[in-house]
Structure formats: structure tokens, C-alpha cells
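Colleague: In order, the protein sequences belong to chains A and B. Okay, so the first sequence: first residue is 247 according to the working numbering, each after it adds one. Okay, so the second sequence: first residue is 359 according to the working numbering, each after it adds one.
Hint data in this document are derived by calculation from the structure and do not stem from the laboratory. Take the hints with a grain of salt, since some may be wrong.
[To be verified] Subject to a maximum C-alpha distance of 30 angstroms in a straight line, what follows is the list of computed BS3-like cross-link-like pairs (lysine-lysine):
no.: 1; chain 1: B; residue 1: LYS646; chain 2: B; residue 2: LYS625
no.: 2; chain 1: A; residue 1: LYS371; chain 2: B; residue 2: LYS376
no.: 3; chain 1: A; residue 1: LYS467; chain 2: B; residue 2: LYS625
In this text the structure is predicted, and so the values were computed from the model without any measurement.
So the chains spell out like this:
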Amino acid sequence: MPELTSAIAAHDVTKTYGKGDGMFTALSHVSIEVQKGDSVAIIGKSGSGKSTLMHLLALMDKPTTGSISIGGDDSTTLAGRKLNRLRNQAFGFVFQQFFLNGNASVLENVILPLKIAGVGSRERKRRGHDVLKAVELDDKAKNKANDLSGGQKQRAVIARALINNPQIIFADEPTGNLDSATGQKVEDILFNLNKQHGITLFIVTHDEDLAARCQKQIHIKDGQVVSGSARRKVQL
Amino acid sequence: MKITDIFLTASSNLFRSKLRTSLTIIAIFVGAFTLTITNGIGSGISGYINQQLGNLGAKNVLIVQPNISTMGSTSSAPQKYNPAKKVTAGGFGGLNSVSLTQTDIDKIRAHPGITQVVPELSVAADYIQSATSDKYQVTVSPNIRGTSLDLAAGADVSDTSSAYQLVLPDSYVSSLGFSSAQTAIGQTVTIGITNALGQQSRQAATVVGVQQNGIIGGGGITSNNAFTQHLYNIQTEGLPLATRGRYQILEATFNPDLSAAQLNTLKQNLKDQGYTAETVQDRIGTFKTVISGIIDVLDAFAVIALLAASFGIINTLLMSVQERTKEIGLMKSMGMGSGRIFLLFSAEAVMIGFWGSLLGVLVAFGVGSLADRILSRGFLKGLPGLQIVAFPVRSIVVIMLIIMVIAFLAGTLPARRAARQNPIYALRYE
């Protein structure tokens, strides 16, 4: 598994969609750098380009110009199998929509990344239960994902993101679908992981309170970084 | 993802939408069922023909007749009189046919590769009678060398034996007063025959076998060489010399080491001299060609059904890809490669093919066996040994494989679409 040092950086990244008159610039000359163990919030309104930035950093998309580097290496050197392996083993994803398979058991859902990685079924089960314990869902392992509450679902999603011991977790509006009390609980889990296990946290949100809990905030408006305030939490 | 995991996942995905999958499987099932049944009938019938005609022990016998087209065709110009050719009256529809003489035997014998030429003697018997029975009409067929009969009891006649032997058809057994085919074996029966002078005589022979009733073999007794020759000699007693030694059919034995090409050359050379030469296989072949032609047409219908069903697979999987767009996006974002996504959906298609064909084959097997049982008690009762539907394992496996390949091909279109999904677009998809 590739060990990432300075987690992720974007250098002068521009992303455009379409061509000619219909061309739309989602991101324009964005540069950011995230250190290992950081917690970073990308804040912006809907359509500001914050999700696009996350997709680029998570190597799910390629920038039109500029470059992304992962652990110091240019991401353009990664392709195919190598890229898939990196995404599978170094990244964890938490989405606003849970993307759980409702008819499969919670355990089945959680071990999906291990299945993709080709881990054997006994090992999958063991690690699945471990990670469900970490998010206090072990007792629901055999339940269908559909039968869980919103907060439980999001914890299952976090468990799924954690199962590969990722170095970075990308979370897109992780609390967007949850009430504030459950949202709080999910947030606590995420920040605990950041503090205790040194997992780099990358949260896309429009929720200022959630953003304030991160060490670093990057505001994005109309595809450009408006302000990046570092260590605001420390100053508080 | 491991291959076993791909198949397990595909299998559980398949039954997420049970009704839709089942309907698609039924479509495949119909095709598989038809294909299996038609194939079963094909192998059942050709198996029966082979059994009827025996295993054709000696494959090196040519049946030689004069070319049928040499005379009596209304469309061709009349042929010049040839004093060497003898003509026999009484062909079908008033047509005379050319008969074969010792000259022909010598001519055929002269071909390289031919080791022996003997005439097939035709014998017209008056009746058959056992010690205890009435007289019954009967036809006598000389045993064709190299064939063996489908026997209910006893053994084939021996052409090398000097004893007079014959095989009775099963239908004569009870009329001749025998309680069963088995008890007829070894009994002596009498054949009545009239010579050219009109004197009737009785000739005894031993029953060595009883032939199953069948569609081939024509319901007459089969006599061995010695007995045939004996009857023929009696029949031709008193004939003017000029009319003796005229035959319809000659049997030419050829060197068994001849290659297929050499055999064809031999046949062609004989044809150029005005003879039609066929092996027993050629004769059966014509019959089999007709049957396999019919089976091929039925197979074509089954393939059409399968083709229609494969569109069902495409449709089902396209819907499935659409429904699972987000799931595909998720798996891709988690690092599942396009190739594996392709495999995942192809595996679903192959499994639809597998279940459909398995069901089709099993039901066809059941229906075929049931039909066999009912028919063999019903209107096919007169043809013991006929299994109308036979299921050779190999052809069943081939059918299943063909269907799974068709299903896989049908699945490639949806699977390709799934594999090409852009994860970001797929995750945003509503």
C-alpha cells in the first residue's frame, strides 16, 4: 500500500466542462495543499465547484489544466490498476447519499471495498465486525441496510470508508441528511478518527459549524478559492 | 475482485429483481427446451435407424445396380440397342429394367480394389409353415452381407454356414404357433417354392433368430447364403438357359483398406460404366439426410427463439445497469476496475443463460421420457426398441454451452455500458 507523506496537493488546477459556447468553468486556477493528518473543510454554496474539487483530489476525475499530486507524486503517473489500487486502499468515501445496497446486510455493505480488493471471505467478515464495532453498529451487522435509521446508515457508510484503513477520508456533506443530534454523533466519529488515527479528513460542506471543527477551511466561490484560513480552530 | 466473488455477487444481484429475471430465464428456457427436444428426437431416430440396420460390421460392400437413368426416361432420347445388355420386363410402371449378367460381374470384378462380386439372388417363396401351423404368405430377403439385424431373440444368420438358416420377423412368431420369440429359436420351418415348371416343393430351414418389428426390413424372413442359393436353384429349375443368370443387384466386396477418396473414384468409375454403386452407409445416409434436414429446420426455430430471448437478456440487463448506476459509480470510486464491472454484468448474463438452459434441458428430459413412455405404449407400440427422444450427454452439454455463449454475447452490450460509466456522473445520477 502506498504510504502518503504530504497528503494531497492541487497545483493551479482548472476544470472545464463542455466545449465552445457551452463551455463551463467549474474550477479556475485553484491551488491547495493538505498535510498528512490535517482536517480540511471545503466550504461553498451549491454549484460553487467544491464537489468538483473533491472529485479531482480523490482522483475520480482529471483536471483540464494543472496537476494533482498524491504523496508528492504527480497523479498523471497513476492510471488503470495502480490508480484503482490507490483509491481502494488509501481512500475512504463518505457521501451525503449513503449508496448502501438496501437489500443486502449491513455487513455485506461494509465489506464491499475488501471484496473489490480481493480479500478472502473470512478475513472480510472479521474486519467487517471490527470496523462495525468501532462505529457501534456491530449488533446490526446482520440487519438489512434498509432497516437502519439515517444516523445508523451514515455510521455504516463510515465503517465502509474505514474498512481498508485509509489514509484519507473524503466526506461529501456527511451530515447533510441527518438531524443535528445524529449529525453531531457522526461528526464526532469522523474527528475522532482524525485525531486518534491520524487519518486525513477532507470534508465538503456548506455547514459553517461543521467547517469550524476542521483545522483548515477553504472557501470556494464560483470556482475560485476565496479565502483559506488555517488553524482557525487552534486560534479559538 | 476475485472471480468467485464476481459470480457470487452476480448471482445475488440476479435475484434482486426476481420477477424480471425469472421472465428472462423463461424466454431462454423456451429456446433451450425446443433445442433439446429437437436434438433429442434427432438422435433418438438416427439411433433407432442404426440399431435397425445393425452396426454395419463389414463396411466394404458395394451394392451395384444398373444406372436407373439409362432407360425409359421420357425426356431423354432413346438409347441405342446394345446386344450386351439384357432387359427384364416388369419394372415399375411398365418400365423395363436392365438386368445384370455374368459379363457385368466380370467387368466389375476387373476394377482394382474389388475383391469379390456375387449376385444378390431374388427368391419368390409361396408360403411359410411350421410343424403345427397353417401356411402363410412370405417374402424372402437374402441376408445383406455386412449388416446385422435388430433382433428380439437368437442370432444373425451365418453366410458361411452350409446349413439352411433363416431369421423370422417377430410378427410371424405367434402365427406360426410359437409361444414366444425365444421358443422359435432352433425350430424348423418349411418354405414352399415353385420352380419354372410349376412344380411346388417344400424346403426346410432352421430359425436362428427373431427380428424386431421395425420400419426397415420389410417384414419378410431373412435367409442365409446357403438357403438363398438353394431356393434360387429350385426356383430357376427348368428355365431356358438364356434367361438364367440375370440379376437385379450385385454385391461387390472391395478392399477395406481403400481410402474414402479411392472409394469415391471406384464408385465414379463404376458409374461411368453404367452402374450405380452404393455402400450400405450411402443408402442409410440418404434416409438420415432427410431426417436430419427436418431436425435442422426445427433447430432453426429453436435458435430463432433463443435469438428473441437474447434480446430479453439485453433488455433486462440494460434496466439493471440503469437501476444500479449509483452502485456502479460507488464501486468504481472504491477502485473497482472497468474490466471487473464488465465481468460482473457479463456473469449475470451467463447465469441467466445457465439457469434458462438447465431448466430447459431438465424439462425437455422429463417431457421426452414421458412422451417416450406414452408413445411406446400407444401408436408406436408396433416398433419396439424405438426411443423417439434420446439425450446424449455430450449434445446436452453442447446445447447448454451454446446458450451460455449466446447469453454472454447478449450481455456484452449492457456490460460495456456499465463498464464505461463515469463514477462522478454515476454517483450524481438520480
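Colleague: Now look at each hint and say whether the structure bears it out.
Modeller: Quick rundown of the hints versus the structure:
For the hint linking LYS646(B) to LYS625(B), the alpha-carbon distance of about 21 angstroms falls within 30 angstroms, and the restraint holds. Taking the CA atoms of LYS371(A) and LYS376(B), the gap is about 27 angstroms. The hint holds against a cut of 30 angstroms. Our distance criterion of 30 angstroms between C-alpha atoms is broken by LYS467(A) and LYS625(B), whose separation comes to about 93 angstroms.
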